[in-house]
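Given chain Z, put chain X in place with the hints provided.
Below are the chains, spelled out letter by letter.
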Amino acid sequence: MAKVELRNVVKRYGQTVAVDHVNLEIDDGEFLILLGPSGCGKTTTLRSIAGLEAVDEGEIVIDDVVVNNKRPSDRDMAFCFQQYALYPHLTAFENIAFPLRTQQMNNQEIDSRVTEVGRLLQIEDIFKRKPSKLSAGDQQRVALARAMVRQPKVYLMDEPLSNLDAQLRVDMRAELRRLQITNQITTVYVTHDQVEAMAMADRIAIMNLGVLQQVGTPDEVYTYPANLFVANFIGSPSMNFINCNFQASTHSLQIPTNSETLIFRLPDNIKQVSTGLHDGSELVLGIRPEDIDIHTEPVEEGIECSYILLEALGSENIHHTGHGELNMVVRTSPADTYSEGQSLWVSFEHDGIRLFDRNSGMAI
Amino acid sequence: MHQKSLLNRIVSWAGLIILIVIFIFPFYWMVATALKTRMQIVAIPPLFFFEPTFENFRGVFFTSSGLETNFKFFFKMSIIIASLSTFFSVLFGALAAYSVSRFKMKGKDDLMFFILSTRMLPAIATLVPLFLMYRALGLSDTVHGMVLLYTMFNLGFTVWMMKSFFDEIPIEYEEAALMDGYSRWEAFLKVVLPQSVTGLAASAVFSLIACWNEFVYGSILTTRYARTVPPAVAVRVGHEGYEWGKIAATAFMYVLPVLIFTFLVRKSLLRGLTFGAIKK
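From first to last, the protein sequence lines are chains Z and X. Numbering (my numbering) for the first sequence: 190 to 553. Numbering (my numbering) for the second sequence: 2 to 281.
Chain Z extracted, bound-state conformation (with noise of 0.2 Å):
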């Protein structure tokens, strides 16, 4: 139970700022995922939080004491290693009774605490077994029971279901969130996969190149991207992405396609937002592939497009279509199917419109 603080953390490798003026505050009980692609800077932040790497400027803070200068033991946090380290010459059970075992407890406690969260992750059959001769998904159990065996003030784990199948990862990701709202323990959790991140998390953090880009529950960073990387990044198929320019006079988009420029007034809901806008603002207009309907028939704001390909997913259908180089994706239920090289007119749903600074990247 603590609450976690990192203020302006700076963690450089030679050269190269792994982690980049990080500010980030964990509540008590609140299960944080730091989420970015493979290289920003996540794995760095987490371990830095554990102790096991050194950070070179700000502070790590839990519970409001400073402690950049306590040693990993001394932080009272377990951790949950992407790779397991499961120590190999040891059973099943004396791994998971490792962290008892340097605390004063006696055996006879340490037996029913290493079997009680045995029960909760359903492993007691492979207690005897040494790490090699379990499974990925066994040796998954083992790793978390080891860190769960104890009350840390805060549990750390770095991508601990990535080296799992499909199907378990499901399991384990329904699983381990069950606990964390059962024990209520401040838990900081990295991936790269925004699915596994969206599901389990109370916030995310998205991480670039040891920036921290946008912190927010999974509906915030869906719905309000705060740049063009993390609107990029969350989401699958992702946002589509159109290049235009403001025109003030009309409240209206240009878009400029190969042979013509499209024009596209803003609908009114944008108006207060876009006040700030000069005449001739370069701008990205984001929209999610759900925020676009598909009509057969001319509609007015419509653009029309040719129908490009069909990947059906069973449950959803994703459309491409075109606009001259202007392309765009679409997601419908699998009922709405149409034939290649048909025209079609798509128009955006006001709420879901999004704008950019194409300099910047910001969100307006």
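If you're looking for bench data, these hints aren't it; they were derived computationally from the structure. What you were told as hints is all true, and nothing was included just to trick you.
Straight-line distance between alpha carbons at most 30 Å, and here's what the computed DSBU-like set of lysine-lysine pairs gives: (1) K342(Z) to K319(Z); (2) K342(Z) to K259(Z); (3) K109(X) to K191(X); (4) K107(X) to K191(X); (5) K259(Z) to K107(X); (6) K191(X) to K259(Z); (7) K105(X) to K191(X); (8) K317(Z) to K191(X); (9) K322(Z) to K268(X); (10) K342(Z) to K192(Z); (11) K322(Z) to K191(X); (12) K319(Z) to K268(X); (13) K191(X) to K342(Z); (14) K268(X) to K77(X); (15) K191(X) to K319(Z); (16) K268(X) to K317(Z); (17) K259(Z) to K109(X); (18) K105(X) to K259(Z); (19) K192(Z) to K259(Z); (20) K191(X) to K268(X).
Here the structure is a predicted model, which means the values were calculated and not measured.
Relative to the frame of chain Z, chain X by itself:
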């Protein structure tokens, strides 16, 4: 196809048998000499069939008039000096290797090269300065002096060998132990060492063999009180000249423990020798 592979096997077996004969023959000759009488040893043409005698083995420890020789003492010295040196060189070697393997330090490569360089000079090249130093420090012909020397002599080897073993152990295990509430020292003892038993065994065997067989330092730096078997056996001259039978008998008894020991740990040894050459 099948015939060719059969031929292949015959040829390789034949080659192996020839090699084994070449390598085994000196050993056989040593055993045979130990079991011959003086006349049989110098007989020309050499005797391959004879009635074995154990007189030479008795002669190692007792003179013809029934008095004890010094060889029991020399054997004792060999055992004490070799095992103590092995113990210390593995202990210090493992600690040094772990530090070099895990911690950041300036000039690490230079340090490792320096450690390696202690093995570059042959023993004979360092003999004179060592002799003078040992005499000045009063270390000549003492057990602790020889243990110190052999430990130092073996350290270069054990450090390099143990480092390659520690490098192979992923650092995550120690990090896991640190997170589990253990200090670095405890992590080393409880997580790293148990996983490097093979490396420890291999280093120990190599150290032991090196100390056990060491001749040059032993023959010059010891005379009586810390003398080991190899230098002692070399000066085994009786009133009838070199006593080949007794030398062979001593050599046979001296070689036997190392042979058995090496045979027992041959798997670890092989792993130690080929470490790094094979990807896991």
